[in-house]
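Visitor: Starting from the given sequences, assemble the full structure and let the hints guide the process.
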Amino acid sequence: MPTIGGKHMPAETKKIVDEIVRSYGKERHRLMDIVRDAQEQLGCVCNETAHLIASAMGIQFVEVIDMASFYSFFSRQPKGNSVIRLSNCVVDKMHGMELVAKAFERAAGVPFGSTTGDGAITLEYTACIGMCDQAPAALVNGTVMTKLCPEDVPGIVKMLRKGEYGAPKGGSLLPDAQIELNLRKTGPVLFAPLESGAAIRAALNMPPEKVIEVITGSRLRGRGGAGFPTGMKWSFCRKAKGIAHYIICNADEGEPGTFKDRVMLTQIPDTLFEGMTIGGYAIGATEGLLYLRGEYQYLYRHLQGVLERRRHLGLLGNNICGREGFNFDIRIQLGAGAYVCGEESSLIESLEGKRGAPRDRPPFPVTKGYMDQPSSVNNVETYCCAARVLEKGAEWFSKMGTKDSTGMKLFSVSGDCVHPGVYELEFGITVDELLTTVGADDAQAVQIGGPSGTCVSPKDFGRKLCFEDISTGGSVIVFGPKRDMLQIVREFTEFFIDESCGWCVPCRVGTVLLQKQFDKIIEGKGTKRDLDGLVNLANTVKTMSRCGLGQTAPQPILTTIRNIPALYHAMLKPDDFIPAFDFEKALAEGAAVQGRQPVWEEE
Amino acid sequence: MGSDTFTIIVDDVEVEAGPDQTVMEACDAAGIYIPRLCYHPELVPGGHCRVCTCKVNGKPMNTCTLPAQNSMVIENNTPELTEMRRHLIEMLFVEGNHVCPMCEASGRCELQALAYRFGMTTPEYPYKWASIEVDASHPDVYIDRNRCVLCGRCVRSSRDLDKKQVFGFEGRGDKMKVAINADHGLSETGLSSADKAVALCPTGSIVIKRQGYRVPYGKRPYDKVPIGSDIEKKRTHK
Numbered sequence: 001m002p003t004i005g006g007k008h009m010p011a012e013t014k015k016i017v018d019e020i021v022r023s024y025g026k027e028r029h030r031l032m033d034i035v036r037d038a039q040e041q042l043g044c045v046c047n048e049t050a051h052l053i054a055s056a057m058g059i060q061f062v063e064v065i066d067m068a069s070f071y072s073f074f075s076r077q078p079k080g081n082s083v084i085r086l087s088n089c090v091v092d093k094m095h096g097m098e099l100v101a102k103a104f105e106r107a108a109g110v111p112f113g114s115t116t117g118d119g120a121i122t123l124e125y126t127a128c129i130g131m132c133d134q135a136p137a138a139l140v141n142g143t144v145m146t147k148l149c150p151e152d153v154p155g156i157v158k159m160l161r162k163g164e165y166g167a168p169k170g171g172s173l174l175p176d177a178q179i180e181l182n183l184r185k186t187g188p189v190l191f192a193p194l195e196s197g198a199a200i201r202a203a204l205n206m207p208p209e210k211v212i213e214v215i216t217g218s219r220l221r222g223r224g225g226a227g228f229p230t231g232m233k234w235s236f237c238r239k240a241k242g243i244a245h246y247i248i249c250n251a252d253e254g255e256p257g258t259f260k261d262r263v264m265l266t267q268i269p270d271t272l273f274e275g276m277t278i279g280g281y282a283i284g285a286t287e288g289l290l291y292l293r294g295e296y297q298y299l300y301r302h303l304q305g306v307l308e309r310r311r312h313l314g315l316l317g318n319n320i321c322g323r324e325g326f327n328f329d330i331r332i333q334l335g336a337g338a339y340v341c342g343e344e345s346s347l348i349e350s351l352e353g354k355r356g357a358p359r360d361r362p363p364f365p366v367t368k369g370y371m372d373q374p375s376s377v378n379n380v381e382t383y384c385c386a387a388r389v390l391e392k393g394a395e396w397f398s399k400m401g402t403k404d405s406t407g408m409k410l411f412s413v414s415g416d417c418v419h420p421g422v423y424e425l426e427f428g429i430t431v432d433e434l435l436t437t438v439g440a441d442d443a444q445a446v447q448i449g450g451p452s453g454t455c456v457s458p459k460d461f462g463r464k465l466c467f468e469d470i471s472t473g474g475s476v477i478v479f480g481p482k483r484d485m486l487q488i489v490r491e492f493t494e495f496f497i498d499e500s501c502g503w504c505v506p507c508r509v510g511t512v513l514l515q516k517q518f519d520k521i522i523e524g525k526g527t528k529r530d531l532d533g534l535v536n537l538a539n540t541v542k543t544m545s546r547c548g549l550g551q552t553a554p555q556p557i558l559t560t561i562r563n564i565p566a567l568y569h570a571m572l573k574p575d576d577f578i579p580a581f582d583f584e585k586a587l588a589e590g591a592a593v594q595g596r597q598p599v600w601e602e603e
Numbered sequence: 001m002g003s004d005t006f007t008i009i010v011d012d013v014e015v016e017a018g019p020d021q022t023v024m025e026a027c028d029a030a031g032i033y034i035p036r037l038c039y040h041p042e043l044v045p046g047g048h049c050r051v052c053t054c055k056v057n058g059k060p061m062n063t064c065t066l067p068a069q070n071s072m073v074i075e076n077n078t079p080e081l082t083e084m085r086r087h088l089i090e091m092l093f094v095e096g097n098h099v100c101p102m103c104e105a106s107g108r109c110e111l112q113a114l115a116y117r118f119g120m121t122t123p124e125y126p127y128k129w130a131s132i133e134v135d136a137s138h139p140d141v142y143i144d145r146n147r148c149v150l151c152g153r154c155v156r157s158s159r160d161l162d163k164k165q166v167f168g169f170e171g172r173g174d175k176m177k178v179a180i181n182a183d184h185g186l187s188e189t190g191l192s193s194a195d196k197a198v199a200l201c202p203t204g205s206i207v208i209k210r211q212g213y214r215v216p217y218g219k220r221p222y223d224k225v226p227i228g229s230d231i232e233k234k235r236t237h238k
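Residue numbers (this note's numbering), protein chains in the order written: chain A, 1 to 603; chain B, 1 to 238.
Don't read these hints as lab results, they were simulated from the structure. Just to be clear, a hint being listed does not mean it is correct.
Pulled from the structure, derived: some chain A residues nowhere near chain B, Cβ distances all over 10 Å [claimed, not checked]:
{"hint": "1", "residue": "C44"}
{"hint": "2", "residue": "E63"}
{"hint": "3", "residue": "D66"}
{"hint": "4", "residue": "G109"}
{"hint": "5", "residue": "Y298"}
{"hint": "6", "residue": "V306"}
{"hint": "7", "residue": "G317"}
{"hint": "8", "residue": "A338"}
{"hint": "9", "residue": "R355"}
{"hint": "10", "residue": "D360"}
{"hint": "11", "residue": "P362"}
{"hint": "12", "residue": "T402"}
{"hint": "13", "residue": "P458"}
{"hint": "14", "residue": "R546"}
{"hint": "15", "residue": "P565"}
{"hint": "16", "residue": "A591"}
PhoX-like mimics (lysine-lysine), calculated; alpha carbons at most 25 Å apart, straight line [what the hints assert, rightly or not]:
{"hint": "17", "chain 1": "A", "residue 1": "K528", "chain 2": "B", "residue 2": "K128"}
{"hint": "18", "chain 1": "B", "residue 1": "K209", "chain 2": "A", "residue 2": "K542"}
{"hint": "19", "chain 1": "B", "residue 1": "K128", "chain 2": "B", "residue 2": "K163"}
{"hint": "20", "chain 1": "A", "residue 1": "K26", "chain 2": "A", "residue 2": "K354"}
{"hint": "21", "chain 1": "B", "residue 1": "K196", "chain 2": "B", "residue 2": "K163"}
{"hint": "22", "chain 1": "B", "residue 1": "K55", "chain 2": "A", "residue 2": "K585"}
{"hint": "23", "chain 1": "B", "residue 1": "K177", "chain 2": "A", "residue 2": "K542"}
{"hint": "24", "chain 1": "A", "residue 1": "K542", "chain 2": "B", "residue 2": "K59"}
{"hint": "25", "chain 1": "A", "residue 1": "K542", "chain 2": "A", "residue 2": "K516"}
{"hint": "26", "chain 1": "B", "residue 1": "K59", "chain 2": "A", "residue 2": "K79"}
{"hint": "27", "chain 1": "B", "residue 1": "K175", "chain 2": "A", "residue 2": "K354"}
{"hint": "28", "chain 1": "B", "residue 1": "K163", "chain 2": "A", "residue 2": "K26"}
{"hint": "29", "chain 1": "A", "residue 1": "K528", "chain 2": "A", "residue 2": "K516"}
{"hint": "30", "chain 1": "B", "residue 1": "K128", "chain 2": "A", "residue 2": "K525"}
{"hint": "31", "chain 1": "A", "residue 1": "K482", "chain 2": "A", "residue 2": "K459"}
{"hint": "32", "chain 1": "A", "residue 1": "K542", "chain 2": "B", "residue 2": "K175"}
{"hint": "33", "chain 1": "A", "residue 1": "K368", "chain 2": "A", "residue 2": "K354"}
{"hint": "34", "chain 1": "B", "residue 1": "K55", "chain 2": "A", "residue 2": "K542"}
{"hint": "35", "chain 1": "A", "residue 1": "K368", "chain 2": "B", "residue 2": "K177"}
{"hint": "36", "chain 1": "A", "residue 1": "K368", "chain 2": "B", "residue 2": "K59"}
From a predicted model like this one, the values you see are computed outputs, not experimental measurements. The C-beta atom is built at its ideal place from N, Cα and C for all residues, glycine as well.
Guide: Encoded structure:
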C-alpha cells in the first residue's frame with residue numbers, strides 16, 4: 001500500500017529515493033520507472049521527492065517535474081491510499097458509467113477529482129482503459145474492475161476503506177480474474193496455435209535480408225492503422241547506420257474502443273515476442289522494448305513471466321535457438337497514462353524517460369529513433385503477423401485479405417451490439433457484414449478507428465474495412481438508434497483536449513476552440529457562418545498540427561459534418577450572426593444587485 | 001556553397017540549398033521569408049508554433065526542422081497558408097492575456113509583429129481569460145506568463161546556451177506552462193538578466209526590470225517595417 005509522503009522522515013525519504021535511483025543504475029532514460037517507484041513508496045512526486053531524485057541522478061529538478069507532470073498517473077500531490085480511476089470513455093458512458101460515478105461520489109462523500117478527508121480514497125476520471133467490451137470499468141489501485149453497476153459501489157468503497165483490495169461478495173468483481181477475454185472469433189493468423197520457437201527457427205534458416213524479403217513478399221502492413229509496409233520499415237531500419245538498432249513494440253493502445261492488444265498480450269504473448277525476436281534478427285537489434293500502457297499494468301507480471309520462460313527455453317538471451325552470436329532480449333517499459341504515447345515518436349520520447357511530446361519528422365525513427373539510433377516501432381498485431389508469416393510463408397499470408405491489405409485483421413468491437421469483443425476477420429469485410437457478425441442490426445452510425453478515425457452512417461455500410469477503403473487500427477464502436485450523436489462528437493472532441501500534449505499551438509489551443517465553436521452550434525446559437533468557421537478551424541488544426549493526435553483531433557467533427565450533415569443543419573439558426581457572448585447573462589449578477597434590469601435603447 | 005548544392009523551388013522561385021541546410025535556412029539565405037515564431041537561429045528548432053509550416057510537394061511540413069532535398073517544390077506565401085498562420089497567431093492571442101498597448105514588448109514583440117504581418121485586427125476566437133500569476137521574485141527579471149506563447153525559447157536557450165536549465169515545461173495540453181527550476185520563484189534560480197533565455201523571449205513574457213519602454217515609438221524594430229523585412233532585404237532576384 002502506498003503511504004503518504006509526510007509519513008517519512010527526510011533522511012528516510014532520501015534513503016528510499018537513493019536506493020530506487022541506484023536500482024536503475026542512475027540511467028537518465030529510466031526516469032519514468034524511478035518516478036513510478038518513488039511514487040509507489042512515498043505516495044506522490046512532491047517537490048521534495050523531485051529534488052531528491054534530481055540530486056541522486058545528477059540532473060536538474062525541473063527535468064523531473066517536466067516529465068512527471070506530463071503523465072496522468074503521476075501525481076505531485078499526495079493521493080488517497082486507494083485511487084479509483086473510472087474510465088470515462090464514450091462507451092463507458094453508453095453503459096451507465098455516469099450512474100456508477102454518482103454512486104462512487106455518494107459512497108466516498110467527495111466529488112470526482114478529489115480525495116476523501118481521511119485520505120482513504122481518491123476519485124478520478126481516466127481516458128479509455130481498454131475494457132469497452134465490459135464497460136463501465138475502472139482501475140482500482142491499478143486493478144481492473146469491469147461491468148460496474150451502482151449497486152457494486154458501496155461494497156467496493158467499504159472494502160477500500162478497510163484497506164482491502166478485494167471485490168464485494170458474489171464474486172462478480174474479482175480483480176484480474178474477472179476480466180473477460182471476449183475473444184469472439186479466432187482465425188488462422190493471430191489466434192491459431194504457434195509452437196514456441198518455430199517461427200524464430202524458420203527465420204534463422206535464412207539470412208536477415210531474406211527475412212525482410214519474406215515479410216515484404218507477404219505485403220504485411222502496419223496494424224496500428226497507418227498501414228506502412230512492414231518489410232519496407234525493417235529494410236530502412238536495417239540499412240540505417242547506428243551504434244545500435246532497436247525493436248520497439250507499441251502496446252500503448254489508447255484509442256477509445258480499442259482492446260485487441262489486451263487480448264493478444266493475455267492470450268498470445270509468445271507469438272508477439274517471437275515476432276519481436278524475428279524483427280531483432282532482421283534489422284540487427286540486440287534489444288527490444290515493449291511499451292506497455294500504464295492501464296495494462298495488471299499484465300506486467302504475466303508478461304515478465306513469459307519473458308523469463310522464453311529465456312529459459314533459449315528463445316531470448318544469448319545464442320538464441322543455438323545460433324551463435326544471435327543475442328536478443330526484451331525489456332518492458334510501463335507507460336503512465338498518456339494517449340499521445342501511442343504516437344511512435346512520443347512513445348520513443350517516453351521510452352527515454354521524458355515527457356511524451358512527439359518529434360518532427362524527418363528524421364524518422366528508422367534512422368533516428370530510441371537513443372537517436374535506428375529503431376523499428378511496430379504494433380503488437382504486426383509483430384504477431386510477422387511471426388506467422390515466417391512460420392507459414394509469405395504466399396500463405398498474402399492469399400488472405402485484399403490486394404493491398406493482406407492477411408487477417410483484429411477488430412475490437414464495442415457499443416450497441418450483442419457480442420462485443422475481439423474478432424479476427426479477413427481484410428475487405430464490409431461494415432454491414434461486420435455489424436451482422438457482432439449482432440448490431442439497427443446501428444445509426446459506426447465509429448471506425450476510434451475518435452481519430454471515421455464516423456460512418458448507413459449509406460456507407462457497404463464500404464470495406466481495408467487500407468484501400470476505410471483503414472483502421474481496429475476500433476469499432478457501434479451506435480444504436482437512440483444515441484445522441486452530437487453528444488458523442490462532443491465527448492470525442494473533449495478526449496483530444498485532455499490528451500493533447502500541449503507542445504504545438506494548433507493542437508493545444510485549437511482543440512479547445514473546436515469544442516467552444518461546436519458548443520455554440522449545439523446550444524442552438526449557431527448560424528451557417530459558425531458551421532463554416534468550425535470547418536475552417538478544423539482544417540487549420542488538421543493541417544498545422546505536429547503529430548497524428550492534432551491532425552486527427554478534428555475528425556469526429558469533420559467526419560460527422562461530412563457523413564451526417566443533417567445533425568448539424570437541424571441545429572442552425574437562420575440568422576446571419578448570433579454573438580457567442582451573452583450580454584444579458586453577463587449583466588445578470590449586476591442587475592440582481594441593483595434590483596433593476598438594464599433598459600435597452602430600442603425598447 | 002560547394003559543388004553538392006542543389007535547387008529547391010519556393011513559390012516558383014529557384015533557391016539554392018545545401019545538404020546540411022533546412023528549408024528555412026536555405027530560404028533565409030536566399031531572402032525568402034518563411035514566417036516563424038518559436039524558431040531562433042541560435043537554438044535547435046522546437047517545432048512548437050507551426051507558423052513555418054509550408055506545403056512541401058503538396059504536404060504540410062514544418063520547415064524549421066525539415067532538411068532541404070533536391071527538387072523539393074514548396075508553397076510558402078499562399079493565401080491558404082497565410083490564413084492558417086493567422087489562425088495560429090490568433091490562437092495565441094486568445095490563449096494568453098496580451099494587452100499590446102501597455103506591453104513593454106510592444107513594437108519589438110514577434111507575436112504582435114506576426115499578427116500585423118498577417119493582417120490580423122482582432123482575434124475571431126473566444127478568449128480563454130486564464131487567470132495567471134506574475135513571478136516578480138527575482139531582483140532583475142520578471143516572468144509574466146500572461147504573455148507566454150510556450151515557444152520554449154527560454155527552455156532551449158537556458159539549457160543549451162546559458163548551460164543553466166532554469167526553465168522547463170510543466171503539465172500537458174491546455175494546462176501546459178513554463179516551469180522554473182525551483183520550488184517557489186525565479187529568485188531561487190541562477191537566472192541572470194544577461195542570460196540568453198531572457199534576451200530571446202519573443203514577447204513580453206520574460207522582461208528585465210527597471211529598463212522598460214526605453215525605445216521610443218517609431219524606433220522600435222517593427223514600427224516601420226514588418227517582421228521578416230531583414231530577411232527579405234537580402235533577396236536579389238524578383
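Visitor: Kindly indicate which numbered hints from before are broken by the structure, ordering the numbers from low to high.
Guide: 2, 3, 8, 9, 10, 11, 14, 18, 19, 22, 26, 35
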